[in-house]
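J.: Sequence:
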Amino acid sequence: MMRWLLAVLLMSGAAQADVLVRSGEHGSYTRLAFDLPTARAWRMGRVADGYALRLDPAVTLDMSRIYRRIGRGRIAGVGVDAATGDVLLRLGCACYATAFESRPGTVVIDVHPGAAKPGSRFELSLDPPPPPKPVVRTAGYDWTDITRTPPDLPMAPALDPFRDAVLRQLAAGAARGVVDMVDRPPPLPPLPLPEQVRIAEEPGFVADPDQPLTTDGLACIPDADLALGDWGADGPAALTLASGRGGLEGEFDRPDPEAVTRAIRYHLFLGFGAEARQIAQVYAPNAEGRALWSDLGHLVDAEEATAGILPPMAGCDGAAALWGILSLPRPQPGAPENAGAALQAFTALPQHLRRDIGPMLVERFTARHDDASAMRVRDAILRAEPAPDAPLRTLTAAPGAEGDSALAAIVAEGGRDTDEARITLADRRLSARQPVDEPTRLALEALLHEARGGPDEARLARLVALARAATQDFDTAFAEAPASTEAELWAWLAEAGGDDAILTHGVLADGTARPIVPREVRLAMARRLTDLGLPDPALRWLDTDPAAAPEDERLIAARAHLARQDGLDAQRWLGGLDTAEATALRTAAARQLAGPSAEVSVPTVAPAQPMTPLAQGRALTADSDAVRQQIEALLTR
Numbered sequence: 001m002m003r004w005l006l007a008v009l010l011m012s013g014a015a016q017a018d019v020l021v022r023s024g025e026h027g028s029y030t031r032l033a034f035d036l037p038t039a040r041a042w043r044m045g046r047v048a049d050g051y052a053l054r055l056d057p058a059v060t061l062d063m064s065r066i067y068r069r070i071g072r073g074r075i076a077g078v079g080v081d082a083a084t085g086d087v088l089l090r091l092g093c094a095c096y097a098t099a100f101e102s103r104p105g106t107v108v109i110d111v112h113p114g115a116a117k118p119g120s121r122f123e124l125s126l127d128p129p130p131p132p133k134p135v136v137r138t139a140g141y142d143w144t145d146i147t148r149t150p151p152d153l154p155m156a157p158a159l160d161p162f163r164d165a166v167l168r169q170l171a172a173g174a175a176r177g178v179v180d181m182v183d184r185p186p187p188l189p190p191l192p193l194p195e196q197v198r199i200a201e202e203p204g205f206v207a208d209p210d211q212p213l214t215t216d217g218l219a220c221i222p223d224a225d226l227a228l229g230d231w232g233a234d235g236p237a238a239l240t241l242a243s244g245r246g247g248l249e250g251e252f253d254r255p256d257p258e259a260v261t262r263a264i265r266y267h268l269f270l271g272f273g274a275e276a277r278q279i280a281q282v283y284a285p286n287a288e289g290r291a292l293w294s295d296l297g298h299l300v301d302a303e304e305a306t307a308g309i310l311p312p313m314a315g316c317d318g319a320a321a322l323w324g325i326l327s328l329p330r331p332q333p334g335a336p337e338n339a340g341a342a343l344q345a346f347t348a349l350p351q352h353l354r355r356d357i358g359p360m361l362v363e364r365f366t367a368r369h370d371d372a373s374a375m376r377v378r379d380a381i382l383r384a385e386p387a388p389d390a391p392l393r394t395l396t397a398a399p400g401a402e403g404d405s406a407l408a409a410i411v412a413e414g415g416r417d418t419d420e421a422r423i424t425l426a427d428r429r430l431s432a433r434q435p436v437d438e439p440t441r442l443a444l445e446a447l448l449h450e451a452r453g454g455p456d457e458a459r460l461a462r463l464v465a466l467a468r469a470a471t472q473d474f475d476t477a478f479a480e481a482p483a484s485t486e487a488e489l490w491a492w493l494a495e496a497g498g499d500d501a502i503l504t505h506g507v508l509a510d511g512t513a514r515p516i517v518p519r520e521v522r523l524a525m526a527r528r529l530t531d532l533g534l535p536d537p538a539l540r541w542l543d544t545d546p547a548a549a550p551e552d553e554r555l556i557a558a559r560a561h562l563a564r565q566d567g568l569d570a571q572r573w574l575g576g577l578d579t580a581e582a583t584a585l586r587t588a589a590a591r592q593l594a595g596p597s598a599e600v601s602v603p604t605v606a607p608a609q610p611m612t613p614l615a616q617g618r619a620l621t622a623d624s625d626a627v628r629q630q631i632e633a634l635l636t637r
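According to our numbering, the sequence shown is numbered sequentially starting from 1.
Mixed in with the good hints, there may be bad ones.
[Stated by the list, open to error] FRET-style restraints, in silico, Cβ to Cβ:
1) F252 - D56: 39 to 47 Å
2) T347 - T544: 54 to 62 Å
3) Y67 - T347: 46 to 54 Å
4) G247 - G85: 48 to 56 Å
Note that these hints are calculated values from the structure, not bench results. As the structure is a computational prediction, the values presented were derived from the model and not from experiment. Quick reminder that beta carbons are idealized off the backbone N, C-alpha and C, glycines included.
The task is simple: from the sequences and hints, build the whole structure.
T.: Here is the structure:
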């Protein structure tokens with residue numbers, strides 16, 4: 001008996017266990033999942049401030065973990081009606097909800113932004129209004145009491161001749177075979193019944209298995225919705241623009257969807273992205289359509305897409321790949337991108353669109369280190385436009401003297417479109433340690449003033465600092481240059497700076513950390529300071545460990561120690577080096593240690609004959625013995 005009682009208690013506890021409500025964000029929608037213990041009837045509909053889910057029978061829900069994975073942007077609150085047990089869903093945006101059963105016992109609610117589809121059963125009230133009260137009829141005149149049988153009246157005598165004439169003509173027609181006498185006419189075909197069957201998407205099944213999808217499961221935008229090259233009109237744009245945007249409003253000033261779509265597409269074909277976005281904002285009723293037109297309009301105007309509908313399409317196989325890559329300034333980690341499909345779609349565009357979006361596409365491929373695709377885009381632009389404008393000529397200018405001459409020719413033409421050519425030419429010359437003229441420096445400073453706070457500020461600040469360094473104005477260059485440009489300024493100072501600039505900036509004060517520059521720049525600064533007779537400041541640019549320093553740095557350090565009259569440290573830095581320069585420096589160090597009147601013989605090493613390890617050890621021993629004898633001679637004086 002106790003065993004049966006324990007089993008009943010366990011079953012009762014399992015039946016009363018709370019049902020966990022799971023949640024998750026899925027990009028364009030927010031999802032709630034109710035894992036019910038058993039399959040049961042459910043119904044969802046509209047209530048005063050959102051939606052309500054009714055389960056039959058009701059269960060106890062655990063909703064403590066709902067907002068761990070989602071925010072309150074779409075689902076502002078979830079609760080349970082104490083009276084009815086309904087799950088109340090309060091929305092925090094202009095959204096709509098749909099529900100389906102993914103598997104028996106699992107009810108899923110998805111909240112999407114925008115307006116619900118027409119005829120959605122979830123937009124109906126969960127509790128329909130009560131039926132109207134029956135109308136109480138009052139007694140009155142009842143016309144149904146009149147007999148419905150028409151009176152059997154004899155035919156008027158005036159119709160008899162007409163009837164006889166018709167019968168004679170019908171008989172004559174039948175005799176000639178032109179009239180077929182039948183008992184009654186054939187019945188009329190039945191009227192078609194009104195359409196009552198409504199077919200919706202089956203949860204868990206894909207409507208079109210062959211439809212291409214992204215890695216996130218989103219449907220790729222069809223090529224027909226991105227075929228900008230097919231949206232033009234016959235004739236010049238000046239003559240077809242009015243007809244292309246005509247008829248936007250029909251009867252009662254209501255927008256005509258076909259005319260609105262035609263106008264938006266025609267403006268995108270012409271490259272008028274701002275105008276297309278304006279028409280879509282005013283007339284397009286579909287929020288998803290407005291988002292697509294908005295992104296396309298921004299990209300056609302060489303601007304960043306903001307709606308976010310195109311970035312997931314970068315991995316699709318059709319034209320969607322082109323616009324998806326254009327909408328991503330930098331690749332998304334782990335997200336595939338179909339560069340081949342993007343190039344194919346780009347070459348299918350008309351010439352003027354290739355010229356407009358070509359520079360942006362080259363920047364996208366360059367940011368992805370896909371130089372081959374960038375070159376193919378450039379070739380497609382050149383094929384499309386035999387006489388490119390200044391920005392395109394700047395983009396396609398080859399490196400080297402020929403490209404610099406082409407950029408100089410663009411700058412000489414003048415105009416605002418030549419600013420990029422001026423910046424590119426200055427960047428090439430300054431990066432090659434070539435000075436720029438005074439007008440170019442002044443133009444760069446003016447462009448920097450205009451670009452304050454913009455994306456080009458750092459690039460122009462670097463060029464202005466290098467241009468000032470080219471004119472030996474290192475004080476202003478170091479004072480105003482960004483931190484990312486200091487290494488280039490030190491390289492310019494070490495290579496082309498005057499002696500005054502070397503003394504001002506190269507002699508580091510006590511306690512000042514050595515600038516973080518490439519090793520070649522450090523060695524060049526140490527060499528310049530040593531040549532100026534400043535070995536101590538030169539040594540601050542070098543490492544302090546001879547064993548870890550490369551050969552060229554050891555030679556420069558030995559030369560600096562010789563300038564300090566420190567032959568011992570010079571020989572310490574030269575230990576193990578057998579080059580001709582090292583031998584000469586070792587001889588100078590030995591003479592410095594022996595005094596001006598001593599004759600010192602330093603063994604030389606023939607570089608052409610490689611030494612065995614035993615011979616190298618003997619040579620090092622001989623060198624150390626000679627140095628020890630010289631030191632003892634100095635100490636006994």
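J.: Against this structure, judge whether each hint is valid.
T.: Quick rundown of the hints versus the structure:
no., hint, in the structure
1, F252 - D56: 39 to 47 Å, "holds (45 Å)"
2, T347 - T544: 54 to 62 Å, "holds (60 Å)"
3, Y67 - T347: 46 to 54 Å, "holds (49 Å)"
4, G247 - G85: 48 to 56 Å, "holds (54 Å)"
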